[in-house]
Amino acid sequence: MWPAIGHTGNSSQMDTGWRPTASIELLRIRAAWLTKIRSFFAARDVLEVDTPVLSNASVTDPNIESLLTTVNGKRYYLQTSPELYMKRLLAAGSGPIFQVAHVFRDGEQGRLHNPEFTLVEWYRPAFDQFQLMREVSALVSDLTGREIPEEEVRYLTYTELFEQHTGLDPMHENWSALNEFCASRQLHCPVDDHWEGAMDWLLAMVIQPVMRGLVFVNDFPAAMASLAKLDDNNPRVARRFELFIDGIEMANGFEELTDVDEQQQRFIRENQQRQAAGKPLIAIDEAFLGALGAGIPETSGVALGLDRLLMWSLQLDHVTRAMSFSPFVSND
Amino acid sequence: MASYSTSEFKSGLKIMLDGEPYNIVENEFVKPGKGQAFNRVKVKNLKNGRVIEKTFKSGEKVDGADVMDTTMQYLYSDGEYWHFMDEATYEQVQADAMAVGDSSQWLKEQDTCNVILWDGVPISVEPPNFVNLTVTETDPGLKGDTAQGGVKPATLETGAVVRVPLFIEIGDLLKIDTRTGEYVSRAKE
Chain P
1 MWPAIGHTGN SSQMDTGWRP TASIELLRIR AAWLTKIRSF FAARDVLEVD
51 TPVLSNASVT DPNIESLLTT VNGKRYYLQT SPELYMKRLL AAGSGPIFQV
101 AHVFRDGEQG RLHNPEFTLV EWYRPAFDQF QLMREVSALV SDLTGREIPE
151 EEVRYLTYTE LFEQHTGLDP MHENWSALNE FCASRQLHCP VDDHWEGAMD
201 WLLAMVIQPV MRGLVFVNDF PAAMASLAKL DDNNPRVARR FELFIDGIEM
251 ANGFEELTDV DEQQQRFIRE NQQRQAAGKP LIAIDEAFLG ALGAGIPETS
301 GVALGLDRLL MWSLQLDHVT RAMSFSPFVS ND
Chain G
1 MASYSTSEFK SGLKIMLDGE PYNIVENEFV KPGKGQAFNR VKVKNLKNGR
51 VIEKTFKSGE KVDGADVMDT TMQYLYSDGE YWHFMDEATY EQVQADAMAV
101 GDSSQWLKEQ DTCNVILWDG VPISVEPPNF VNLTVTETDP GLKGDTAQGG
151 VKPATLETGA VVRVPLFIEI GDLLKIDTRT GEYVSRAKE
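Protein sequences, first through last, are from chains P and G.
What the first sequence shows, in our numbering, is residues 1 to 332, in sequence order.
What the second sequence shows, in our numbering, is residues 1 to 189, in sequence order.
These are computed hints drawn from the structure, not numbers from a lab.
Values in this document were obtained by computation on a predicted structure and should not be read as measured data.
Ideal Cβ placement from N, Cα and C applies to all residues, glycine included.
Among the hints, a few may not be true.
[What the hints assert, rightly or not] A short list of chain G residues far from chain P (calculated; beta carbon distances all over 12 Å): (1) Tyr4; (2) Asp78; (3) Asp86; (4) Glu91; (5) Glu109; (6) Val121; (7) Val135; (8) Lys152; (9) Glu157; (10) Val161; (11) Ile168; (12) Leu173; (13) Arg186.
[What the hints assert, rightly or not] Per the computed footprint, the stretches of chain G lying under chain P, defined by three or more beta-carbons under 8 Å from a beta-carbon of chain P, are: (14) 29–37; (15) 47–56.
Make the full structure from the sequences, and use the hints.
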């Protein structure tokens, strides 16, 4: 067989790729989902808000890269999620709020990733993470039109998830156990100096591919807390959860950190990690810290990937098939 | 040689891994939402054709492989090397048994082959998908036994042995699919 080397594609093609990446039929379904989302939250008295895409600060998370643009000669970040603005609304007394937001993350591109995508993000004062998980299930059920009986939803801690699939304990750094596991499966872990990174690799390469059904994973390690509160009884874990459906990560939520000093420390620590990794430093959102200082109510919040849920529900082969267009993929 | 970051990975890109040239067959970006990003790739070793899976941390860099895909005419074999000529530049290269591998049994002089060069040296030779070769040896066909799918072995001018219908005789020119090593039909000169 002639190897597929030096293949340059169909050069005779004169199509400029003007067509949408999604079918019109899909776009009708997407529009119906947006209507359902609005009635879902209207029925629950959750206010729709619409915060700016641009901000003069962003998240410091070392694994999320913000895009920058210039306006009137000054640099602004494109939001990686509407979280910081939405929490400022909570501090200003908005009560429960939701938003359907376009968000931007540099460097994320693949079957499940597009640098621009849509999040459904909402905040529920007085909810704990488990109440919010149940509301996520209800919305997923509403949108996909599938009954999701509570007994079919699995709830696992991060530790349980890893123990079930690998026998490894992710909470305790143990490189020889990891190496033994990799050797037994003939795998090579590309991360050998950063335990959380190695766990990310295990999750993505070994565990997610075999996960089935709806699984809520919670009690993430404190080092992966992001903007979540730590557990009062066990400060090694954060009150953060993720929803996986058939191994695809669909939603990320947490009981929000409300302590301004702790939040400031995390921003600084994450910027130090960025510096050590040679990544650009991110301007810390002083206005957001100001809001935390003024006080936000005890709240749980979550972001759900709308495009991915559509992709899964309609069995599309690429996330951009759930979007009208993407300048980042060639459409032929 | 240029080096490539994982963000430039795509199928068809030739890279160096552990000192050997590989072709990227498949590339998938994977990333836990708040975690480290990875590229999972399937790569084919251009020397032995083996496909392996490998994961890179996103942002890692690898060296490109100086690999060229060329179309060359097969000239002759001197017993040790197979000689080819670039149809565009008339440059000549010689391929050793390692590079030619099983393809040697389908190589007929003046046929156009796909030759992969690494640092200017052939590392893989692919014959055309179909070649016409003459039968040099086969048992005599049985008269009247032209139907019913009976087969027998036949040796071709290159030394290859293929299974052919019973009516095939010595001196017949046959069209062979080199990808499967199967007889297709009788061919005209």
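Going down the list of hints, with the structure as the test:
| no. | hint | in the structure |
| --- | --- | --- |
| 1 | Tyr4 | holds (15 Å) |
| 2 | Asp78 | holds (26 Å) |
| 3 | Asp86 | holds (14 Å) |
| 4 | Glu91 | holds (18 Å) |
| 5 | Glu109 | holds (20 Å) |
| 6 | Val121 | holds (16 Å) |
| 7 | Val135 | holds (25 Å) |
| 8 | Lys152 | holds (27 Å) |
| 9 | Glu157 | holds (23 Å) |
| 10 | Val161 | holds (20 Å) |
| 11 | Ile168 | holds (25 Å) |
| 12 | Leu173 | holds (23 Å) |
| 13 | Arg186 | holds (24 Å) |
| 14 | 29–37 | holds (count 9) |
| 15 | 47–56 | holds (count 3) |
The structure is consistent with each of the numbered hints, conforming to all of them.
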